[in-house]
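Produce the entire structure from the sequences given, and follow the hints as far as they go.
Line order of the protein sequences matches chains U and V.
Terminal number for the first sequence in my numbering: 211, no gaps in between.
Terminal number for the second sequence in my numbering: 193, no gaps in between.
Hints are computed from structural coordinates only; laboratory data are not their basis.
Derived pair list, reagent style DSSO-like, types lysine-lysine, alpha-carbon separation capped at 30 Å:
#1 K75/V with K130/U
#2 K151/U with K75/V
#3 K145/U with K130/U
#4 K75/V with K173/V
#5 K189/U with K151/U
#6 K75/V with K189/U
#7 K189/U with K130/U
#8 K39/U with K75/V
Among the chain U residues that face chain V by a calculated CB cut under 8 Å, a handful are:
#9 D16
#10 D21
#11 I23
#12 A24
#13 R28
#14 A33
#15 L37
#16 R40
#17 V41
#18 R44
#19 R46
#20 L52
#21 Y53
Computed far set for chain U versus chain V, every beta-carbon distance over 12 Å:
#22 D10
#23 T144
#24 P164
#25 Q166
#26 A173
Values in this document were obtained by computation on a predicted structure and should not be read as measured data.
Don't be surprised by glycine CBs; every beta carbon is placed ideally from N, CA and C.
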Amino acid sequence: MGENFEMADREAADDAAFADRIAAPLRAPERAHPSLEKRVMDRVRMEGPALYPQGGDSHESWWWTKRVFEFTPLTGLAVAAGVTAIVALSGVAIGTRIGDRSKDVARITSPVAKPDTIQLVRFVFVDAKASSVELVGDFNEWTKGSTSLKLSGAPGVWVAAVPLQPGRHEYAFIVNGTRWVTDPLAVKSSDDFGTESSVIRVAGSGKSET
Amino acid sequence: MTGSSDAELIASILNGNVDSFSGLVRRHQDACARFAVRMLGSRVDADDVLQSAFMRAFRGLRGCKDPDHFGGWLYQIVVNECRTYASRQRRREQRFPSSASAIEGAVAPGSEQDVDPDVGGHIERALSTLPTDQREAFLLKHVEELTYEEISEMTGVSVSALKMRVKRACDALRGQLDGVYHG
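The structure is reproduced here in structure tokens:
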């Protein structure tokens with residue numbers, strides 16, 4: 002027994018010594034390409050003013066979050082019909098109400114129903130200056146006017162909950178009817194013309210990622 | 011702004027002074043370059059990834075919860091970008107490093123007599139044959155010298171899985187470098 006431990010210790014020490022010798026030359030410093038800073042800053046100066054307007058972060062900040070709730074197709078239809086009204090009531094409470102309801106449904110449905118599960122994805126967009134915010138994506142055929150975000154209780158906070166099938170979806174926001182905005186924290190997708198959209202992956206198990 | 015902290019630069023950017031981002035790029039680009047070059051085995055690919063990572067960081071700056079530790083947050087983005095890039099490249103022809111000269115010129119402290127001039131190139135070639143997950147774990151542990159806990163937090167992979175990846179990477183490297191690396 003003691004011999005085994007001794008052997009394992011010796012092996013671990015050998016491994017560490019070997020790894021250290023292999024890694025030592027790889028620790029040599031690298032320099033980024035001299036033009037990297039310029040290339041990055043050219044794009045930063047192009048995109049920056051829209052992302053971070055002059056004058057402060059407190060009243061003009063905007064961000065998005067997505068929260069996913071799980072429910073079955075039938076419930077989904079019912080909830081989707083009532084989403085607009087529910088969403089208009091309050092931000093945090095909404096998630097709880099729908100989330101609790103989802104859990105109830107999940108308990109009475111069989112796990113084999115999972116592949117058919119629809120996810121309710123909650124999009125939140127914050128922009129104190131926006132007068133209207135819409136959500137467009139492959140789930141609504143990119144049709145303007147089909148999914149409007151509503152102002153929640155907090156100033157400048159726009160929300161919408163959208164039932165989505167599991168899988169990959171692309172989306173974007175339209176602010177004030179003209180300005181298309183992608184999610185800076187989400188994976189980007191670009192079409193043949195270079196137009197960017199954001200990507201969300203809705204899993205069947207209730208998890209999603211951007 | 012060169013003397014400003016990361017947090018001060020970030021506050022300035024969020025206030026609309028986007029030129030302050032150049033201070034962050036200048037400060038962190040070389041540290042990120044080392045991991046990206048080693049991970050991808052190509053300076054050209056690493057350069058693409060770094061540009062993409064810095065832009066991702068810029069666009070998501072409000073998501074940096076702890077501006078004093080911007081470097082760690084950025085590093086996490088670079089690791090993820092490298093992973094995405096490597097997975098796209100997996101089916102392409104394997105690339106060999108263009109950084110062999112830098113590696114050849116590097117000398118491990120106290121081990122000059124162990125390293126022959128071509129060993130650096132051999133090591134990078136051997137590294138490039140490892141599966142992406144093993145290469146990433148080996149580099150983060152032994153080249154970037156992070157703890158398993160730090161790597162786990164950064165990658166979302168459990169400590170035990172990381173240890174196994176590093177162990178397998180070491181075994182594979184040992185098998186490939188046997189006879190090249192003396193001792």
